[in-house]
Amino acid sequence: MANTLQIESRGGRAGTPLLEVQNLVMHYGTKEGDVSAVEDVTFTLNNGEAIGLVGESGCGKTSIALTLLRLLPDNSVIKSGDVRLDGESLLELDEEQMRRRRWRDVSMVFQGAMNSWNPVYRIGDQIREALRLHWPETLTYQEETDRIAALFELVGLNPLTMERYPHEFSGGMRQRAVIAMALSCNPKVIIADEPTTALDVIVQDQILRELKKIQQELGMSIIYISHDIAVIAEVTERLGVMYAGKLVELGSTIDVFHRPKHPYSYLLLKSTPSITGPRRKLAPLEGEPPNLIQPPSGCRFHPRCPFVIEQCIEQEPQLTTVADGHAVACWNWQEVPEIGGLQK
Amino acid sequence: MADLLTPPANEIEEFDPRSVIEEPLWRVRLRLGWRAFRKNWALFSENKMGIAGLLIIALFGIMALAHPVLMATVWQDHLEGGKSVYDIRAGADSVIVEKTIVEEVTDPLTQISQIEAMFMGTGVSIPQFGDTIEVPLANPAPPVLTGVKHPHILGTDPFGADVFSQLLFGARAAFLLGAIAAISSVALATLVGTISAYFGGVIDTVLMRLADLVILIPLLPLLIVVSGFWNVELTMLGILIGVLGGLGGTAIILKSQALSVKVKPFIDAARIAGGGHWRIITRHIIPNVLPLSFLYMMFAVTGAIFTEAALSFLGLLNIQQSWGIMINIAHTQGYTLEGVDVWWLMFPAGLSITLFSAGFFLVGRAMDEVVNPRLRKR
Amino acid sequence: MSDTVIDSGAGTKTGPLLRVENLRKLYPVSKSLFREAHDFVHAVDDISFEIAPGESLGLVGESGCGKSTTGRMLTKLTDATSGQILLDDEGEMIDIAHIQRSDMRRFRRRVQMIFQDPFESLNPRRTVYDTVAESLTVQRIGSVQEREERVAALLHHVGLTPPESFLFRYPHELSGGQRQRVAIARALVIDPTFLVADEPTSMLDVSIRISIMDLMLKLAAEFNVSYLYITHDLAVARYMCDRIAVMYLGKIVEIGPTEELLANPRHPYTRALLSAVPVPDPGFKRERVDIKGGISKALNPPPVCRFLERCPKATDQCRTNDHPGFDDLGNGHFVACYNL
Numbered sequence: 000m001a002n003t004l005q006i007e008s009r010g011g012r013a014g015t016p017l018l019e020v021q022n023l024v025m026h027y028g029t030k031e032g033d034v035s036a037v038e039d040v041t042f043t044l045n046n047g048e049a050i051g052l053v054g055e056s057g058c059g060k061t062s063i064a065l066t067l068l069r070l071l072p073d074n075s076v077i078k079s080g081d082v083r084l085d086g087e088s089l090l091e092l093d094e095e096q097m098r099r100r101r102w103r104d105v106s107m108v109f110q111g112a113m114n115s116w117n118p119v120y121r122i123g124d125q126i127r128e129a130l131r132l133h134w135p136e137t138l139t140y141q142e143e144t145d146r147i148a149a150l151f152e153l154v155g156l157n158p159l160t161m162e163r164y165p166h167e168f169s170g171g172m173r174q175r176a177v178i179a180m181a182l183s184c185n186p187k188v189i190i191a192d193e194p195t196t197a198l199d200v201i202v203q204d205q206i207l208r209e210l211k212k213i214q215q216e217l218g219m220s221i222i223y224i225s226h227d228i229a230v231i232a233e234v235t236e237r238l239g240v241m242y243a244g245k246l247v248e249l250g251s252t253i254d255v256f257h258r259p260k261h262p263y264s265y266l267l268l269k270s271t272p273s274i275t276g277p278r279r280k281l282a283p284l285e286g287e288p289p290n291l292i293q294p295p296s297g298c299r300f301h302p303r304c305p306f307v308i309e310q311c312i313e314q315e316p317q318l319t320t321v322a323d324g325h326a327v328a329c330w331n332w333q334e335v336p337e338i339g340g341l342q343k
Numbered sequence: 000m001a002d003l004l005t006p007p008a009n010e011i012e013e014f015d016p017r018s019v020i021e022e023p024l025w026r027v028r029l030r031l032g033w034r035a036f037r038k039n040w041a042l043f044s045e046n047k048m049g050i051a052g053l054l055i056i057a058l059f060g061i062m063a064l065a066h067p068v069l070m071a072t073v074w075q076d077h078l079e080g081g082k083s084v085y086d087i088r089a090g091a092d093s094v095i096v097e098k099t100i101v102e103e104v105t106d107p108l109t110q111i112s113q114i115e116a117m118f119m120g121t122g123v124s125i126p127q128f129g130d131t132i133e134v135p136l137a138n139p140a141p142p143v144l145t146g147v148k149h150p151h152i153l154g155t156d157p158f159g160a161d162v163f164s165q166l167l168f169g170a171r172a173a174f175l176l177g178a179i180a181a182i183s184s185v186a187l188a189t190l191v192g193t194i195s196a197y198f199g200g201v202i203d204t205v206l207m208r209l210a211d212l213v214i215l216i217p218l219l220p221l222l223i224v225v226s227g228f229w230n231v232e233l234t235m236l237g238i239l240i241g242v243l244g245g246l247g248g249t250a251i252i253l254k255s256q257a258l259s260v261k262v263k264p265f266i267d268a269a270r271i272a273g274g275g276h277w278r279i280i281t282r283h284i285i286p287n288v289l290p291l292s293f294l295y296m297m298f299a300v301t302g303a304i305f306t307e308a309a310l311s312f313l314g315l316l317n318i319q320q321s322w323g324i325m326i327n328i329a330h331t332q333g334y335t336l337e338g339v340d341v342w343w344l345m346f347p348a349g350l351s352i353t354l355f356s357a358g359f360f361l362v363g364r365a366m367d368e369v370v371n372p373r374l375r376k377r
Numbered sequence: 000m001s002d003t004v005i006d007s008g009a010g011t012k013t014g015p016l017l018r019v020e021n022l023r024k025l026y027p028v029s030k031s032l033f034r035e036a037h038d039f040v041h042a043v044d045d046i047s048f049e050i051a052p053g054e055s056l057g058l059v060g061e062s063g064c065g066k067s068t069t070g071r072m073l074t075k076l077t078d079a080t081s082g083q084i085l086l087d088d089e090g091e092m093i094d095i096a097h098i099q100r101s102d103m104r105r106f107r108r109r110v111q112m113i114f115q116d117p118f119e120s121l122n123p124r125r126t127v128y129d130t131v132a133e134s135l136t137v138q139r140i141g142s143v144q145e146r147e148e149r150v151a152a153l154l155h156h157v158g159l160t161p162p163e164s165f166l167f168r169y170p171h172e173l174s175g176g177q178r179q180r181v182a183i184a185r186a187l188v189i190d191p192t193f194l195v196a197d198e199p200t201s202m203l204d205v206s207i208r209i210s211i212m213d214l215m216l217k218l219a220a221e222f223n224v225s226y227l228y229i230t231h232d233l234a235v236a237r238y239m240c241d242r243i244a245v246m247y248l249g250k251i252v253e254i255g256p257t258e259e260l261l262a263n264p265r266h267p268y269t270r271a272l273l274s275a276v277p278v279p280d281p282g283f284k285r286e287r288v289d290i291k292g293g294i295s296k297a298l299n300p301p302p303v304c305r306f307l308e309r310c311p312k313a314t315d316q317c318r319t320n321d322h323p324g325f326d327d328l329g330n331g332h333f334v335a336c337y338n339l
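Residue numbers (numbering that gives the first Met the number 0), protein chains in the order written: chain A, 0 to 343; chain B, 0 to 377; chain C, 0 to 339.
Worth double-checking, as some hints may not be accurate.
[As the list claims (entries may be wrong)] Here are some of the chain C residues that sit facing chain B, going by a computed Cβ distance under 7 Å:
| id | residue |
| --- | --- |
| 1 | T74 |
| 2 | F114 |
| 3 | D116 |
| 4 | E119 |
| 5 | S120 |
| 6 | L121 |
| 7 | R124 |
| 8 | E133 |
| 9 | S134 |
| 10 | Q138 |
| 11 | R139 |
| 12 | V143 |
| 13 | S164 |
| 14 | F167 |
| 15 | L273 |
| 16 | V276 |
[Said to hold, decoys possible] Below, a sample of chain A positions facing chain C; criterion: calculated Cβ distance under 8 Å:
| id | residue |
| --- | --- |
| 17 | A129 |
| 18 | E167 |
| 19 | I201 |
| 20 | H226 |
| 21 | L268 |
| 22 | S273 |
| 23 | R278 |
| 24 | P283 |
For the record, the hints were derived by calculation from the structure and aren't laboratory data. Using N, Cα and C, we set each Cβ at its ideal position, and we do this for glycine too.
Using the sequences plus the hints, can you model the full thing?
Written out as structure tokens, the structure is:
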């Protein structure tokens, strides 16, 4: 019997591929037409790595997260592509098999996680439920309690508070509890979808540090999804930029921030106010995100792109590696200037 | 302030706002209203229930409109003894004579005199001593309950009056009652709910306790008692049902809707624009409550029809003719248990009541999806 | 004091546009119909500040610090419990907190507000024209024709061009950014002197925040309005504001010119706040300033420094004395702390 008090990542050796998303295409069917939510997305998450998916609302990042957990709504269709965890395809599993892998292999910290606690049950009991549903062996009540206590200590919560109800927790405490729940079955990979949105700045900082500590101590693989690039910069080593359902840039976090290759990444970085660096030398992004039912021809970003050339309107660029470990989907990427680091 | 209305001085780009305004405002609003109506209609008509409901209501509408038309034209041809065969009150099979009132005979049980009983519900003022009236004589041949045969499409009631004609007339009564009850109920509920939500405090407490009281009192027994004291006619019944229905549950529901509107930032914005209480209530809160009000209007109609039917069945109302009265007549003349043999006595009236209510209910359900976007299918 | 108009005579031209003095908002708790309240939540607890004409002040703090409440008191959406809010209206100082009904109309022409939620701050049943023209309509300014022209001009100003195609649209036909532009047009249509902006970009997509913020900066200069910018995001406050005031639990703990305050924060809370702001650069190493966890109470707070429970530098002086007053560090930089 596995040591129930051990909290660990059940992933493999650091650096080896854990999760492979290959050419994923996913659409939503609506009355107005097919929404092309995820279009040909490919990336790999290695063991022990933290990767970020950054983009605005509607870019498809949450859709990808839901696809990985197979928690998509009824009107969604996975048109093509594959998702492999440790070499096994997740999309080919039936619901029962997927349920066994959910939480045990892939768990999630949801968006607005503070509200995903059921107010009429104690926090501890809700984590117990997760254990009962997903832990491979049946645990005794005491074993469950001990494990939850260990989880709470790991995330910086007093174990005695597991007997409390959600409304007795502050926002930050609830978020820590959500992280505890995500770790409860020793998953291989955690998906953190906007883990700190709606938290105050100081609490957000504490939570991010907590997550980083967990990642490093346990060697946990994490996918961070956020619209806030400053948050992503803090906690990830690799980064994918998404726009209108497509992955437009993929590389190490430092590379993408200092040497962006896609105009959208560049503009996103240039349009983010910061407390350091030049105060107002910023470049606004014109226009609005596109309609995904009838996306623009060619490159989906071309209507808003300041570096647009004719080819962009006709042909859709594919994600191509242009430097070491750095890929971009753009015809005119060479024109995109470097940004360099922010000085205090 | 004139300077407020001239365009700001530092205009870099060429822009003349006068070039923009082409249509007068009222015409624009008309156009917008029409566009909104078309859009809501498109949403509404997706739902088969709603269309079915509308068709049913249209059917009864035709019935109601047809009655006076038919009475004035086609049915005048079928006369016997001076009265149309299709008269809703008495059949033509009776002989009318003139008589003078010399004494009053009062029924010891109901304390209603014979003259009063005779003229109750006919809409004619009750005659006094010495007046001369027309009275149907004890017939040489008693009024005949006829089955389905010409000229009576649906037969006659026990008094010889044509059932089909009564049915059409009943539709008129149903619409009238439904309209009065629904409009008064919802107008009152909207007002009470909105004022209660907006002002809060003592006003809210008083109005809500009033609403609790109204919910507490059962409608039917109350109306039975009321009808003992007053001559309850159709209009009065409509208003009674409207008030007692409107102050109760509907007011509470509309109040909660008004509350959810009141806390939205655009109400704050309206206040900052200088709006006073009255403006905010009428221009901002009520327009956002009205869709729900219209919805409840539909359900108010169904309630009103059933209440009237019940009260008429119990013989408590002073209405000239309605579907409830038809059933009442059949019942008091002893035909309740005769069943299928005399189906035309109760079945058409009962079916009309049910269908009419169902029509409004279906429309209400379909409207629910228009008003409440969350109920719509993806 | 029954007078709401304090005539300061000549010289107010160079004085502040807005002066807030000892402003407080207390919410009674556990009050029943028959009993007086004993417990109060000190949402805004004795704050004072000034805004000069044409200046912008950022009010920064975490949730529950009282910044939104302050904004609501400045626009009379909430009544102040005590204190004064003095607004300079063409030489006369009006006390907004004790304003007479006869002056309300005038007040509504001077002070306007922009809200956080672009979806809920526009009435869904009214067109863009109706919404923007609301203040003109209520105050009966101009004829219908003139109002339409003014609204069209404003729409052009906020970048909703061509204006005629936006005039009669409904909010659900607009995107979030467009709605917020409508909200800005609505605030400026009556030519106010002072604007309160409550987190106007926090619910917008990141890529359009800058364009909205730039729009506000441009229009503030063109229309010559001062504004109070309420936000929890220090980076945004830096972008938008000339001066920043940091609030904690109903008190202003530090206030000063933006760059000065960010380069040289003196209050422990300000330093902790600044150190916690994530920077969009993975190579940037932040100096972390830790404060203790714990929830300070806004309910009947004891008469000590509000930050005492969480302050890493608390001394006996902080424990025994009342909440510190402001120390003037020069250059308009004030801090409320005993341990500088």
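Structure-based check of each hint:
no.	hint	verdict
1	T74	holds, 6 Å
2	F114	holds, 4 Å
3	D116	holds, 6 Å
4	E119	holds, 5 Å
5	S120	holds, 4 Å
6	L121	holds, 6 Å
7	R124	holds, 5 Å
8	E133	holds, 4 Å
9	S134	holds, 4 Å
10	Q138	holds, 5 Å
11	R139	violated, 10 Å
12	V143	holds, 5 Å
13	S164	violated, 10 Å
14	F167	holds, 6 Å
15	L273	violated, 30 Å
16	V276	violated, 27 Å
17	A129	violated, 26 Å
18	E167	violated, 12 Å
19	I201	holds, 5 Å
20	H226	holds, 6 Å
21	L268	holds, 6 Å
22	S273	holds, 5 Å
23	R278	holds, 6 Å
24	P283	holds, 4 Å
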